[in-house]
Amino acid sequence: MTCVVSIESVCKDYPLGKLVVPALKSVDLTIEAGEFTTIAGPSGSGKTTLLNLIGCVDVPTSGSVSVVGQKTEKLNDAELTKLRLHELGFIFQSFNLIPVLTMFQNVEFPLLLQGSLNTKERRSRVEEIVERVGLTDYMKHRPNELSGGQRQRVAIARALVTKPSIVLADEPTANLDSGTGQQIIELMKEINQREQTTFIFSTHDHRVIEQARRRVYLEDGKVSGEQNNNKPEVRHK
Amino acid sequence: MKLTSSSLRMLSDLAFRNLFSHWQKNLIVGSIMCFGTILVVLGTALLDSIETSMSRSIISSFGGHLQLYAKDARDDLALFGGGMMGASDIGELSRFDQIRKRLEKEPGIKAVVPMGISRASMSTGNEMDRLLETLRQHVKENQPQKVEKQAVKIRAVLDLLANELERKKLLSAAPEKISAELSRVQRAQSEEFWEQLIADPETHITFLESKIAPISPDDRLIYLKYLGTDLDRFAKSFDRFEIVRGTMVPSGERGFLINQKVYDKWLKNKIARELDEIKNEMEEEGSTIAEDAKLTARVRRMSRLYRVVTYQLDPDDSDALKLKLQKFLGKEQGDINELFQSFLTVDDKNFSARYGFFYKEVAPLIKLYRVAIGEYLNTRSYTKSGYVKSVRTKVYGTFRFKGLEASDLAGQTSLVDLMTFRELYGAISDETRDEVKAIQKEIGIDDVSRSSAEDALFGESMDLEEVVETDDSEVDSDIEIKFNASLRESNESTKFTQDDIDQGLALNAAVLLENPSSLERMLKRVAEIEEEDNLGVQAVSWRKASGIVGQFIVLVRVVLYVIISITFLVALVIINNSMIMATMERVKEIGTIRAIGAQRKFVLLMFLMETMALGIVSGLIGAGIGAGIIKALGSVGLPATSKQMVFLFSGPRLFPTVEPHHLIFASVVILLVSIISTLYPALIATRVEPVVAMQAGE
Chain A
773 MTCVVSIESV CKDYPLGKLV VPALKSVDLT IEAGEFTTIA GPSGSGKTTL
823 LNLIGCVDVP TSGSVSVVGQ KTEKLNDAEL TKLRLHELGF IFQSFNLIPV
873 LTMFQNVEFP LLLQGSLNTK ERRSRVEEIV ERVGLTDYMK HRPNELSGGQ
923 RQRVAIARAL VTKPSIVLAD EPTANLDSGT GQQIIELMKE INQREQTTFI
973 FSTHDHRVIE QARRRVYLED GKVSGEQNNN KPEVRHK
Chain B
3 MKLTSSSLRM LSDLAFRNLF SHWQKNLIVG SIMCFGTILV VLGTALLDSI
53 ETSMSRSIIS SFGGHLQLYA KDARDDLALF GGGMMGASDI GELSRFDQIR
103 KRLEKEPGIK AVVPMGISRA SMSTGNEMDR LLETLRQHVK ENQPQKVEKQ
153 AVKIRAVLDL LANELERKKL LSAAPEKISA ELSRVQRAQS EEFWEQLIAD
203 PETHITFLES KIAPISPDDR LIYLKYLGTD LDRFAKSFDR FEIVRGTMVP
253 SGERGFLINQ KVYDKWLKNK IARELDEIKN EMEEEGSTIA EDAKLTARVR
303 RMSRLYRVVT YQLDPDDSDA LKLKLQKFLG KEQGDINELF QSFLTVDDKN
353 FSARYGFFYK EVAPLIKLYR VAIGEYLNTR SYTKSGYVKS VRTKVYGTFR
403 FKGLEASDLA GQTSLVDLMT FRELYGAISD ETRDEVKAIQ KEIGIDDVSR
453 SSAEDALFGE SMDLEEVVET DDSEVDSDIE IKFNASLRES NESTKFTQDD
503 IDQGLALNAA VLLENPSSLE RMLKRVAEIE EEDNLGVQAV SWRKASGIVG
553 QFIVLVRVVL YVIISITFLV ALVIINNSMI MATMERVKEI GTIRAIGAQR
603 KFVLLMFLME TMALGIVSGL IGAGIGAGII KALGSVGLPA TSKQMVFLFS
653 GPRLFPTVEP HHLIFASVVI LLVSIISTLY PALIATRVEP VVAMQAGE
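First to last, the sequence lines map onto chains A and B.
To convert a position in the first sequence, counted from 1, into this note's numbering, add 772.
To convert a position in the second sequence, counted from 1, into this note's numbering, add 2.
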């Protein structure tokens, strides 16, 4: 198995007025391709910060974050953006669709940014992925004409359309009712199994955590434990 | 990120959709841009139309395309007067014939017309002048009996004048001046004077004309602005010129052509003029005598002027008119003065009938114009060295510039032949110089240089300041009178040739081009020719030559651009602010786009596209509305509401046109404004970190 994310003694501090608040305190973590990993922990434990670092939207204060073999702290903004565009897919807690675009256009958006496919190729790619998330009938709908679960499916489609190495999801079920949330998790799992896409998502919902094969627990900015369904639970001291 | 056509299409799609989703904000911003565009289209199209029409006015009246004047001129040429009062010194073109010959050889130049603009005071015959004119006629025709009879009449008027001056002296603040006048009148009253007059009529009649007639009341001194030119060439070159009354001055003859406007405004009988103006105001402005206070006052004032007409009437005519007035007014009695005064007290109902009666019955009995066509005009002017020069010239007719009848600017300048102009200007011809020498000999001054000839002639102990301070009628020199008397004879008899015209001096010259668009090129060409041949001439465009009038349009343009700039500055601030607000509202969206993988420049482009789309849409609407308004104005015509505007509009109405370049200019401006106003908000947008996309909350 290849290692897609490698985090070595990463610290991340946030300035808060004159204070410096440490969000992550020396975290080490590796994630291999095809894993379905949840990062769990109470709010304020540093889940989102960790996800931001993996997602290349933030860089560590110290330590090293490697995403698909690239050390993010050595990249500039344009290179990080390029890395996000080609290697990462994002699913947001509040869906973050572009309100003025139709569902189809929202999904197509990253492909347009990549600019490598022609219109026809794009169309078939979008249709394929939309069918996978079961929204073929809603192509022309605007985000505000869709339900929360449908919106999150659109977001999943958008995250997957570029065939990224890693899909990051920050509390993907937090704004959904439990039934819908369950469906979304099922969908993600299904795709993970079929496509071998690496999924990393943060959550503090126990029912969701239980779905994940690998669980990384964060507490006070440190990895407090890890459980792998295939391996026995490990508790860090 | 590659900018493919599809991503561009998506960008513009995004932009338009964003426009609609924030339509309230964009409606306001769009309206401002739309208004700005309308303003730009209207302003530039109107100004260009005015400029075109004004250039027509100037070029086709007497400006020509280019104006030439002396290279060493101290002041700039200003055909319509400069910003400052007083004559400007534009030097002189002493070698006009060379300049003309050289330039008319140049392809593209149609004509070179010599000119000179100056002013002269014009004494326009009062009662005394008319009496003297008749006297002169009788002397000429050698009819001693009639001369005798006329002399009696004149002496009676002189007695009255002397009495009046005695009275005036008691009341006057400056009795010395009146004493001087009185002594002159007394001289003319003496038996001795009249005996001498029989022996030497010319000198003595000239004395009466120049020294006594101006003292007589109601001789209003009129300042006449005139343009001396080669009249034949002028008429041929300026197609707006047309004779209204009388005839053109015959080739080779001296003569005045009075501007119809000046003729009507200054030389027409005051009652007739008042009636004309009241009629004009009633018809043009729709005012009524009853309601318009100004008009009411005007009628009251006019009715008090009845003497202007009644004093002119012959006793027989007066009686006949009395009867007619009694019948017309339905009155049994009253003398002519009372009757005419009540006749002049017009109201809205009877005005047109009385106006008709005046012109049918009264006008033929009086001298409707102070100078009739065919009569002579005495003009007096300061020569360039400051001395008074008097010339008598026949008035051949009146003229106007077609389409510019109502304009004061085109209507203030009369025309005179170049020879008379030179005379008044003080250029001395060879012939005159001989004459000067003869007179010098006669009065015992010898060997005077040309430059001081005039001093010797008119000045002696007098210098310019004295002339300015004292009334010029004080100049009481036998030499001057003698000289003028001799000049008058030579003036009337001397014909001149084309060579005479060409070979003398001119102050400036109009150049007419075959093709007006070659103006800039020809300006350069003239400068080159000057470089080669050293003719001592410089050329300026009609715009520069027209002085303050030409600058006016530049001023208006500046004002317009300032207004447009302010409008767009306001638009800029508003667009800028609302875009910053929009950016703030859309931080999460921007962050998401960035997180998904959009580069900063994509965000920048997205924002620019958005305002550019707004700019294009509102610009198109604005340009359409602006062009529509101009088109509508172009078919109806914009009326000139003032006399100055008639000149600017080159006629009573302006028919503006809109050209593609006005629309293009407006579009470019609006696009620039929209881009500039979005730069800062767009910059803020590019600073949005992708991490904000991760933050919770809608």
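In case anyone wonders, no lab produced these hints; they're calculated from the structure.
Heads up, a few of these hints could be off.
What the hints assert, rightly or not - Straight-line alpha carbon distances no greater than 20 Å define the calculated EDC-like cross-link-like pairs of lysine to aspartate or glutamate that follow: (1) A:Lys892 x B:Asp502; (2) B:Lys590 x A:Asp849; (3) B:Lys603 x A:Glu962; (4) B:Lys103 x B:Asp502; (5) A:Lys854 x B:Glu691; (6) B:Lys603 x A:Glu851; (7) A:Lys912 x B:Asp502; (8) A:Lys846 x B:Asp502.
Stated by the list, open to error - Residues from chain B that keep clear of chain A, each with C-beta distances beyond 12 Å, as calculated: (9) Met12; (10) Leu13; (11) Phe18; (12) Arg58; (13) Ala164; (14) Lys369; (15) Arg394; (16) Lys404; (17) Val558; (18) Arg596; (19) Phe604; (20) Leu674; (21) Val693.
All of these numbers come straight from a predicted model, not from anything done at the bench.
Each residue gets a CB set at the ideal place from its N, CA and C atoms; glycine is no exception.
Checked hints:
1. About 89 Å separates the Cα atoms of A:Lys892 and B:Asp502, which puts this hinted pair outside 20 Å; it is violated.
2. Pair hint B:Lys590 plus A:Asp849 holds up; C-alpha atoms about 18 Å apart against a cutoff of 20 Å.
3. Note on B:Lys603 and A:Glu962: the hinted pairing is violated, with a Cα-Cα distance of about 37 Å set against a maximum of 20 Å.
4. For the proposed pair B:Lys103 and B:Asp502, the alpha carbon gap of about 15 Å is at most 20 Å, so the pair holds.
5. For the given pair, A:Lys854 sits about 15 Å from B:Glu691 by alpha-carbon distance, which is consistent with the 20 Å threshold.
6. Our distance criterion of 20 Å between C-alpha atoms is met by B:Lys603 and A:Glu851, whose separation comes to about 13 Å.
7. Restraint check: the Cα-Cα separation between A:Lys912 and B:Asp502 comes to about 91 Å, which exceeds 20 Å; the hinted pair is violated.
8. Of the pairs offered as hints, the one joining A:Lys846 and B:Asp502 is violated, with about 94 Å between alpha carbons and a cut-off of 20 Å exceeded.
9. Against chain A, the non-interface label of B:Met12 is violated: not every CB pair exceeds 12 Å, the least being about 5 Å.
10. B:Leu13, annotated as away from the interface, has a beta carbon of chain A within 12 Å; the closest lies near 9 Å.
11. Consistency note on B:Phe18: stated as away from chain A, yet its beta-carbon is not over 12 Å from all of that chain's, at 9 Å minimum.
12. The non-interface label for B:Arg58 is consistent with chain A: the shortest C-beta to C-beta separation is roughly 54 Å, beyond 12 Å.
13. Residue placement check: B:Ala164 keeps its beta carbon more than 12 Å from all beta carbons of chain A (closest about 100 Å).
14. Against chain A, the non-interface label of B:Lys369 holds: every CB pair exceeds 12 Å, the least being about 85 Å.
15. Every beta carbon of chain A lies more than 12 Å from that of B:Arg394, the smallest distance being close to 88 Å; the non-interface claim holds.
16. A cut-off of 12 Å between C-beta atoms confirms that B:Lys404 is not in contact with chain A; the least separation is 62 Å.
17. At roughly 45 Å from the closest C-beta of chain A, the C-beta of B:Val558 stays outside 12 Å, upholding its exclusion from the interface.
18. Not every CB of chain A is more than 12 Å from the CB of B:Arg596 (nearest about 7 Å), against its label as outside the interface.
19. A beta-carbon of chain A comes within 12 Å of the beta-carbon of B:Phe604; the shortest separation is about 7 Å.
20. With 12 Å as the threshold on Cβ separation, the claim that B:Leu674 sits away from chain A holds: the shortest Cβ distance comes to roughly 26 Å.
21. The Cβ of B:Val693 does not lie farther than 12 Å from every Cβ of chain A; its closest approach is about 4 Å, which violates its non-interface assignment.
Going down the numbered hints, you'll see the structure goes against 1, 3, 7, 8, 9, 10, 11, 18, 19, 21, while the others check out.
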